[in-house]
Amino acid sequence: MTPSRSAALRIERLSRHFGGHRAVDEVSFELAPGSLTALIGPNGAGKSTIFHCVSGSLPLTAGEIRVDGQRITDGAAAGRLGVARTFQNVRLFAELTAIENVMTGLDRISFWRGCLRWPGSREAERRGMRRAWFWLQETGASHLAGLRPGEIPFGQQRLVEIARALARQPRLLLLDEPAAGLNRTETQELAGLIQRIHQRGVTVLLVEHDMQLVMNLVKRVLVLDRGRLIADGSPSEVQRDVRVREVYLGGSIEGAS
Amino acid sequence: MSSPGHIRSLKPPEPLPAWRLYGVLIVLLPVWVVFPWVAAGPYAYLLPLAQLCGIYAIGATGLTLLMGFTGQVSLGHAGYYAVGAYGVAVAAGVWHWPVPVAIGAALGAGGALAWATGAAILRLRGHYLALATLCLGVIIAEIINRSAITGGAAGLFDLPEITLFGLARGPVGKYYLIWGVLWLVMVAMVHLTASPVGRALRAIHHDEEAAAAVGIRVFEVKLKVFIGSSLLAGVAGILYALVYTPSYLGPEEFHLMLSVLFLTMVVVGGMSSVWGGVVGAVLLTSMHEAITLAGEKAGLTQIARFEQLIYGLVLVLMMIYCPRGLAPSLHRWIQRRFRRPP
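These protein sequence lines are chains D and P, in that order. For the first sequence, my numbering assigns the number 451 to the last residue and increments by one with no breaks. For the second sequence, my numbering assigns the number 348 to the last residue and increments by one with no breaks.
If you're looking for bench data, these hints aren't it; they were derived computationally from the structure. Any given hint could be a false lead.
Stated by the list, open to error - Calculated cross-link-like contacts (lysine to aspartate or glutamate; reagent style EDC-like; alpha-carbon spacing at most 20 Å):
(1) K17/P x E332/D
(2) K413/D x E371/D
(3) K17/P x E317/D
(4) K413/D x D435/D
(5) K303/P x E313/P
(6) K17/P x E319/D
(7) K413/D x D426/D
(8) K413/D x E431/D
(9) K413/D x E383/D
Pulled out of the complex, with its shape left as it was, chain D reads as follows (with noise of 0.2 Å):
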């Protein structure tokens, strides 16, 4: 691989050991800005892993992950990057209604401004509210801001999840599984709107089991096995390489051919 400066997404050799076992062993690739790649392999192949070295909730073992040319050394340098997440179990805040958890994606913190709420509270308020408002319109979930998750269901909590990654307008968006547990209408929404996302100019990584979606949506698929980058190249490019083949024992790829 040729280092690229120009790459959204830059990750060198990136290993990351739970003692004796290598979730992710030596991994290198590059993203390009405004590109849509998905990530793919069985349970247990490392994509999650990856997922969390990038926004940066787990330590690196060895190697180095850069965004835009800069390090990322833990969570608060992935966020300033604007490397934003959503999760393979839907992580919605259970005590906050759909918009203020969509706000918790804006908000600018200050624990003494709080204390005292400023004349302009209210107002900054308004405006977070309007913002999360047009994020959860994007989504398709607008009708749910009032409602708390336990209310929303399962397929629309991850609407509600990927509106509150969009609203601190990432420059890189990580989407682990957002189809698992979608029925084939709902997965052909998400597909519109991870398209959506990606005519913004937001370059997606995409873990996804549903190898039609994946197939049918990018142009570059990443397949991990056993921690290690096996494959690289374009949908039909890795459902003709042999070992992806191995791996998947002509399953779910050839089922999306």
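Using the hints provided, position chain P relative to the given structure of chain D.
Structure of chain P alone, referenced to chain D:
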């Protein structure tokens, strides 16, 4: 996904109206102001009781912020309460510093201690954090018990009266001082919990990793809340020292059970409510008086012997029938009672 992204529907919600934020504060203000007139004559014993309720309410409110909103358990708040009380008693009573300077020094010492201990222990979670704070409380109590400057186990005797600019000398003045401070604390609590900080605290309480993923500096926020919460315990301790001088300040008030009492107040009052600490503090502090009074009215003069039994029974019943605490239950009851049908 019944509503696709391109459809614009409904209106964005509006922030809470001011009356929803300040309603309880405004309703309670006249009650607090006129209380000393009610607590006169045969009811004069209510005034010192109200003073203690107010002091504990400030400490419990600090713990509500830490535990109820941020999800960080502390079993060491009696330690920070003691630092406030001894800080002002030693600085003003023993070293004869001006009282405002002594108060500043006590708050500074409490804040610095909270910063140092919080930075060390707040990476722990759940039971481990509870155990660490419990140990901190025990260490502070032990230092007070063995230090010459605090009078050791015997405590500090013959302290001069400590007053703030000569104000708040009598019981009524002290009542107004304590409940005035509590009112200001509650104004700040209402503001804080309705602000983006409040959302961040609830986010951290529910899921620290997800909170970090939306850009919340989790450790920094937890540390600030821990310092703020410990400072409120320190303020309660300072007020305790101001009220109980000139007489005696001894270590028996600041034992582990006081931390447990603060915790019980927060749980009984309602962890998720801004008012939980106040409700819990008033209820538990006045329960002793209420049991004695009820016993006297019923002609049961020996009821004091069963006070702890009744106290425990009431707590168990409350946990069964109001598991989320009294303040949220009361809030829900009022909502059901007065909400207009759609």
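Where does the structure disagree with the numbered hints, that is, which hint numbers, in rising order? none
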